[in-house]
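Going down the list, the protein sequences come from chains L and G. Each step along the first sequence adds one to the number in this note's numbering, with nothing skipped, and position 276 is 276. Position in the second sequence (first residue = 1) + 429 = this note's numbering.
For the record, the hints were derived by calculation from the structure and aren't laboratory data. Fair warning: there could be bad hints in the mix.
[To be verified] Chain G residues, not near chain L, derived (Cβ > 12 angstroms throughout): (1) 482; (2) 503; (3) 514; (4) 526; (5) 540; (6) 556; (7) 664; (8) 692.
[Unchecked claim] Taking lysine to aspartate or glutamate and the EDC-like style, the derived pairs with C-alpha atoms no more than 20 angstroms apart in a straight line are: (9) 431(G) <-> 312(L); (10) 678(G) <-> 711(G); (11) 431(G) <-> 263(L); (12) 125(L) <-> 40(L); (13) 583(G) <-> 635(G); (14) 463(G) <-> 711(G); (15) 516(G) <-> 181(L); (16) 678(G) <-> 609(G); (17) 464(G) <-> 449(G); (18) 516(G) <-> 311(L); (19) 640(G) <-> 664(G); (20) 583(G) <-> 513(G).
[As the list claims (entries may be wrong)] Cβ-Cβ distance ranges computed for the label pairs, FRET-style: (21) 501(G) <-> 95(L): 51 to 61 angstroms; (22) 311(L) <-> 636(G): 46 to 56 angstroms; (23) 525(G) <-> 38(L): 51 to 61 angstroms; (24) 622(G) <-> 268(L): 16 to 26 angstroms; (25) 622(G) <-> 390(L): 32 to 42 angstroms; (26) 458(G) <-> 388(L): 46 to 56 angstroms.
Please read these numbers as outputs of a predicted model, since none were measured by experiment. We put the beta carbon where it would ideally sit given N, CA and C, even for glycine.
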Amino acid sequence: MIVIRNARILGGEPRDILIANGLISEIGAGLGGDTVIEADGLIALPGLVDLHTHLREPGREDAETVETGTRAAAMGGFTAVHAMANTSPVADTAGVVEQVWRRGQEAGHCDVHPVGAVTSGLEGKHLAELGAMADSQARVRVFSDDGKCVSDAVLMRRALEYVKAFDGVVAQHAQEPRLTEGAQLNEGEVSGRLGLTGWPAVAEEAIIARDCLLAAHVGSRLHVCHVSTAGSVEIIRWAKSKGWNVTAEVTPHHLLLTDSCAEASPVGPYNPIYKVNPPLRTQEDVTALREALADGTIDCVATDHAPHPVEDKETEWAAAAMGMIGLETALSVVQEAMVETGLLDWAGVADRMSVRPARIGRLSGQGLPLEVGAPANITLYDPAVRTPVDPTAMVSRSRNTPYEGLTLPGRVVATILRGRPTVLDGKLV
Amino acid sequence: MKHLISAGDLSRDEALLILDTAEELARVSERSIKKLPTLRGRTVVNLFFEDSTRTRISFEAAAKRLSADVINFSAKGSSVSKGESLKDTALTLEAMGADAVVIRHGASGAPHRLANWVRGSVLNAGDGTHEHPTQALLDAFSMRQRLGRLEGLKVAIVGDVLHSRVARSNVLLLSTLGAEVTLVAPPTLLPVSVERWPCQVSYDLDAVLPKADVVMMLRVQLERMNAAYFPSAREYSRRYGLDRDRFAKLHDDAIVMHPGPMNRGMEISAEVADSPRSTIVEQVGNGVTVRMAALYLLIGGENQ
């Protein structure tokens, strides 16, 4: 029996939480247990759930593995992650998703829910065997060609329809391919000055608008990955106002950073540490995304943790890989962007980083309120400290964090997965 | 000045210093023995990842006239073509003790990246669709030589601004030096947000020409046509080419420039290119003197 002493559940008054048999067995004052975790001043949140993680295994074990990626997740306060399908081989069969799922079980740092590819080989030509993945041990419910857009309207329609049979959801990487050939950076003032091929907002917004209409037409569930523009927010707000079944995520980096990082930053201009897809946008977009996350138009935060080896970033901008790691800094960035600004309280953070992503992914034992009888998936977080981001201290196999040189608030002190600590005193157990 | 990567990094005084130094060095080019001992013992590496014979030989001539040792490093047939990274190439040059690296690269920002990995000065000889600052300096030099001033000059830059490093560097430098730049192009060949640049923008060449003191024609690449930036070479030429009729609209002292290489008959007619008011050949000669000035000011100091 573990007792957590004086934890502020969702930022409320200090309480003791007693854990037995993987469940929360009692919440109160002066509780005793075999193992005591002192949590004075710490916030208790339901274990965080990430809808969008690249674990890179199989195929790019030089960048990340299920083992190292889920360690990073645990260090970031996550008790469940969704592993994206763009591995090598692609997670487009029951065999591959089961392998990833099993590796997650063996690693044991957090739950790993594989995302299945929508189309075979992410090629956008034929549907992958979605039903087989859904029926596999991995019980896939989220399907995505992330990294690539399902740009063919008929194929997207069929995928949206097909997954209804098992309550699945298609998570779309919204990027009109012709409008973004060779695209490097948000198309705007900065890309024009830097002479980098622009990635226009309309290339995201046009696909989101189309997909919302398709989802409405066939009565399906659509999830929009990494929303990055103010215009996308408007379209999703409109779709939700119609009562359509559309959900959306935003990444921590799109809540904090702008395309100006490519021009002026602590690490010099044209540093591809800031190269990501969709690209960093403008301050107006950041403001709109924060407001949309606060008012619930955007349902959740998802990291899009995208590890890359050093050599794929120590290059000229155009040659560099797209993506940034984010699991270990997500909660700190959300505190900085949403809590310190007064846009979300801790209950709101729990809703956007645990409750809603778990619901979208149809996870049964995650994202539940910290109440007696619930699985003991708990993140203990110290919001009072501020520390400089140190890439070398991270446990991910990769180091491509865009926050080096920044000082961010907060620190995950402990992560508990069904009653078993995966992180204690800020260290892996 | 440590590097010369963007024309936007130059203050007005620094830009004028380069032009004035170039003017002094131009006199050397008129002598029978064109060589100065200024950079004796210094090493200049020409690191060219794109073919550009004219820019490379211009930098080579500039360095040699200042008695520097010149190493030409072309990406073709070197370790780069076998997949060596820019960083490893940079470390190799660093180990050879390059005092200055002149880089031409197809990726915008490559000189900025290179500057992180070498101790020597980095001179941008054209990076992707970003900048080409020595071209802008030699253009400004040529304008001042012909027209006697830069302050208040009305300069029209015509053509594929979107993909032009020459246009970006010229807008930045000329606005610093007090000239008034108007970019003229079909809307498809202008960057979005170009209205925030320190210049005017027009889609109508005929309206701009009568007021211009300088008309700078940019090279238009035919592959842009295939990407639907404009319907056909003929239509482009009709709307944005500088032919005899348009040339006649210029006032008598106005000059015509082109950074080369030209598409005669496309953006500029042969007649106009070869007219006495064209500075195209002078620009090439001025390129050497301006690059001498840049090299001298960057690595000619005593305590290098």
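Hints, one by one, checked against the model:
Every Cβ of chain L is farther than 12 angstroms from the Cβ of residue 482(G); the closest lies at roughly 22 angstroms, confirming the non-interface assignment. The Cβ of residue 503(G) sits about 17 angstroms from the closest Cβ of chain L, beyond the 12 angstroms cut-off, so the non-interface label holds. At roughly 6 angstroms from the closest C-beta of chain L, the C-beta of residue 514(G) falls inside 12 angstroms, breaking its exclusion from the interface. Even its closest Cβ contact with chain L, about 22 angstroms, leaves residue 526(G) beyond 12 angstroms, as expected for a residue assigned away from the interface.
Remark: the non-interface label on residue 540(G) conflicts with the geometry, its nearest Cβ contact in chain L lying 9 angstroms away (cut-off 12 angstroms). With a least CB separation of 8 angstroms from chain L, residue 556(G) falls inside the 12 angstroms interface cut-off, contrary to its annotation. For residue 664(G), the requirement that its beta carbon stay farther than 12 angstroms from each beta carbon of chain L is met, with the minimum near 23 angstroms. No beta-carbon of chain L is positioned within 12 angstroms of the beta-carbon of residue 692(G); the least distance is around 21 angstroms.
Straight-line distance between C-alpha atoms of residue 431(G) and residue 312(L) comes to about 28 angstroms, which puts the hinted pair past the 20 angstroms bound. In summary, the hint linking residue 678(G) to residue 711(G) is not supported, as the alpha carbons are separated by about 23 angstroms, beyond the 20 angstroms threshold. In summary, the hint linking residue 431(G) to residue 263(L) is supported, as the alpha carbons are separated by about 19 angstroms, within the 20 angstroms threshold. Taking the CA atoms of residue 125(L) and residue 40(L), the gap is near 55 angstroms; set against the 20 angstroms cutoff, the hint is violated.
Note on residue 583(G) and residue 635(G): the hinted pairing holds, with a Cα-Cα distance of about 15 angstroms set against a maximum of 20 angstroms. For the suggested pair residue 463(G) and residue 711(G), the alpha carbons sit about 17 angstroms apart, so the restraint of at most 20 angstroms is met. Between residue 516(G) and residue 181(L) the CA atoms are separated by roughly 26 angstroms; this puts the pair beyond 20 angstroms, and the hint is violated. Proposed proximity of residue 678(G) and residue 609(G) is supported: the alpha carbons are some 19 angstroms apart, at most 20 angstroms.
The hinted pair formed by residue 464(G) and residue 449(G) meets the criterion: a straight-line CA distance of about 19 angstroms does not exceed 20 angstroms. This hinted pair checks out: residue 516(G) and residue 311(L) have alpha carbons roughly 9 angstroms apart, not beyond 20 angstroms. For a cut-off of 20 angstroms, the pair hint linking residue 640(G) to residue 664(G) is broken: about 24 angstroms separates their Cα positions. Annotation: proposed proximity of residue 583(G) to residue 513(G) is violated, straight-line Cα distance about 45 angstroms (limit 20 angstroms).
A beta carbon spacing of about 54 angstroms between residue 501(G) and residue 95(L) agrees with the range 51 to 61 angstroms that was offered as a hint. One distance hint, 46 to 56 angstroms for the beta-carbon pair residue 311(L) and residue 636(G), holds here, with the actual separation near 51 angstroms. The given range of 51 to 61 angstroms is respected by residue 525(G) and residue 38(L), whose C-beta atoms sit roughly 59 angstroms from each other. In this structure the hint that residue 622(G) and residue 268(L) lie 16 to 26 angstroms apart at CB holds, the actual value being about 23 angstroms.
A hinted range of 32 to 42 angstroms holds for the C-beta pair residue 622(G) and residue 390(L), which are about 36 angstroms apart. Range check, residue 458(G) to residue 388(L): about 54 angstroms between beta-carbon atoms, so the 46 to 56 angstroms window is met.
Consistency note: the structure conflicts with the earlier hints numbered 3, 5, 6, 9, 10, 12, 15, 19, 20.
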